[in-house]
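In order, the protein sequence lines correspond to chains A and B. Position 68, counted from 1, in the first sequence is what full-length UniProt numbering calls 68; the numbers after and before it change by one each time, with no gaps. Position 139, counted from 1, in the second sequence is what full-length UniProt numbering calls 139; the numbers after and before it change by one each time, with no gaps.
Honestly, the hints are just simulated from the structure, not real lab data. In this text, all values refer to a predicted model and were calculated from it rather than measured experimentally. Ideal placement from N, C-alpha and C gives every residue a C-beta, glycine not left out. There's no promise every hint is true.
[Stated by the list, open to error] In silico DMTMM-like pairs for lysine to aspartate or glutamate, Cα to Cα no more than 20 Å straight-line:
id, chain 1, residue 1, chain 2, residue 2
1, A, K43, B, D130
2, B, K65, A, E3
3, B, K180, B, E124
4, B, K180, A, E56
5, B, K149, A, D32
6, A, K52, B, E122
7, A, K52, B, E134
8, A, K52, B, E120
9, B, K92, A, E56
10, B, K149, A, E50
[Stated by the list, open to error] Stretches of chain B that chain A covers, calculated by requiring three or more beta carbons in the stretch to come under 8 Å of a beta carbon on chain A:
id, stretch
11, 51-60
12, 72-86
13, 116-129
14, 140-149
15, 160-172
16, 177-188
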Amino acid sequence: MLEKDVELFEAYLSEVLTNAEKNNFEQRLSSDAEFKTAFNAYKNTTRLLEQKFNAEEDLNAFKANLNKQSNAYFNKEVTRKKTFSLYKYAAVAILLISAIGFYFMNSSQPEYVDYAQIDSIALTQRGNTDELAKKAEHAYNTKSFKNATIYLEELIQQDPTNEELKLYNGIALIEIDAFDKAFENLISITEGSSAFKYEAQWYIALAYLKQKQYNHAKAALEKIPSNAPEYSKADKLLSKL
Amino acid sequence: MATPKIHEDQKIIDGLLHNSPLVIKSIYDRYAPKVVNFIKQNSGNESDAQDIIQEVLIMIYNQAKFKNLKLTCPFDAYFFLLCKRKWFNELKKSSLKEVTISEEIVSTDESTSKHAFETELEEEQQHLFDLMFERLGNACKELLKMTFKISSMEKVAENLGVSYAYARKKKSLCIGELTKMIQTSKEFKQLK
Chain A
1 MLEKDVELFE AYLSEVLTNA EKNNFEQRLS SDAEFKTAFN AYKNTTRLLE
51 QKFNAEEDLN AFKANLNKQS NAYFNKEVTR KKTFSLYKYA AVAILLISAI
101 GFYFMNSSQP EYVDYAQIDS IALTQRGNTD ELAKKAEHAY NTKSFKNATI
151 YLEELIQQDP TNEELKLYNG IALIEIDAFD KAFENLISIT EGSSAFKYEA
201 QWYIALAYLK QKQYNHAKAA LEKIPSNAPE YSKADKLLSK L
Chain B
1 MATPKIHEDQ KIIDGLLHNS PLVIKSIYDR YAPKVVNFIK QNSGNESDAQ
51 DIIQEVLIMI YNQAKFKNLK LTCPFDAYFF LLCKRKWFNE LKKSSLKEVT
101 ISEEIVSTDE STSKHAFETE LEEEQQHLFD LMFERLGNAC KELLKMTFKI
151 SSMEKVAENL GVSYAYARKK KSLCIGELTK MIQTSKEFKQ LK
């Protein structure tokens, strides 16, 4: 590929050629096969660069969402298999507990612990041997939330636009009653447009619920639109507040 | 030549493109079990299946986003064929020679194969591109990163403290070099 040719390719693609130069260029494209092949290759590299850098954010948002759904699907598979035989006992226990609960707590307000369902997280992927991510994942999944927040915060510093990390950090912070910091993490997610937007909104509501600020919790829940996956649980909780 | 009719499953592709959690969830619910079974019957386990599905969905997303994928076959067939071929490639790589490969009947027609082939080609191209980009000199890497992240070349020139014409010239030389590296690589000859 000749130096003066690539300069010409770039000038043509950035539309800085005069009309006469442009016509010349296009004529050469149709008459000179070698020139045309080189130009197409150049254009293709430009397209791949655009993909790599321009669409990086979209792709990362997609990957985060995908990762979440994938883990939800496959972890459910595993848990279902492991706990199947426990189900009948669990069912009896739940029936008993809810009967007792219904009897004693019928008139009380809903509680944070009834709604906060903390699922395991997966931060490490195939080929990813990031020690810090492993530590964060382990701490979170073994419910040492204080440690989890320390590691997560470090990870966020390395990757400040990662909304998934912020969500987990927010949840861990609620668990250890560090509400201010939890809000800081969660609110920044709700202001963005990532897949975690409404899940973050749901945890904001739960943070208020944990502090028994029911009106704030209500207002937070009302911000979840009816087409969000979190809507049905938000609606249920709203009806109890 | 009549343009082939777009399949109604195009809505799944559109959902992926819009990063819709509901669409992604429904893909897992509806189409993952078949892939999991297939991989388990062919020397793999559930975690292999999880990886393969995720990688294939990223391929499909890229194909939709950058190649304007318009599906003319059922999603199921396209998705399954990609997963199957990706898994066979994994098996080939991992020197597991003695694998039992049980063929499953899946409606593969020309349009499904064509879609799968194009999707795989695009993935290979991207992979090769990433590889070569990493081998590019640091000055070019930085300049290209900047020019494509900041869409205005004038701003880039200003940031670098050079003239617009000079920045454009540098950019073109870097792209030219990257193109040459791609085309002369041995992997490029294996493409297509």
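Hint check results:
1. K43(A) - D130(B): The given pair, whose Cα atoms are some 16 Å apart, holds under the 20 Å limit.
2. K65(B) - E3(A): Outside the cut-off at roughly 32 Å; violated.
3. K180(B) - E124(B): 17 Å, holds
4. K180(B) - E56(A): The given pair, whose Cα atoms are some 24 Å apart, is violated under the 20 Å limit.
5. K149(B) - D32(A): 33 Å, violated
6. K52(A) - E122(B): 13 Å, holds
7. K52(A) - E134(B): 12 Å, holds
8. K52(A) - E120(B): Answer holds: K52(A) to E120(B) is near 17 Å, not above 20 Å.
9. K92(B) - E56(A): Violated, at about 31 Å.
10. K149(B) - E50(A): 8 Å, holds
11. 51-60: Holds, because 5 residues of the stretch 51-60 of chain B bring their Cβ atoms closer than 8 Å to Cβ atoms of chain A.
12. 72-86: violated (count 0)
13. 116-129: holds (count 3)
14. 140-149: Our answer is that it holds, as 4 residues pass the Cβ test (under 8 Å) against chain A, meeting three.
15. 160-172: holds (count 4)
16. 177-188: holds (count 5)
The structure does not agree with the numbered hints 2, 4, 5, 9, 12 stated previously, though it agrees with the rest.
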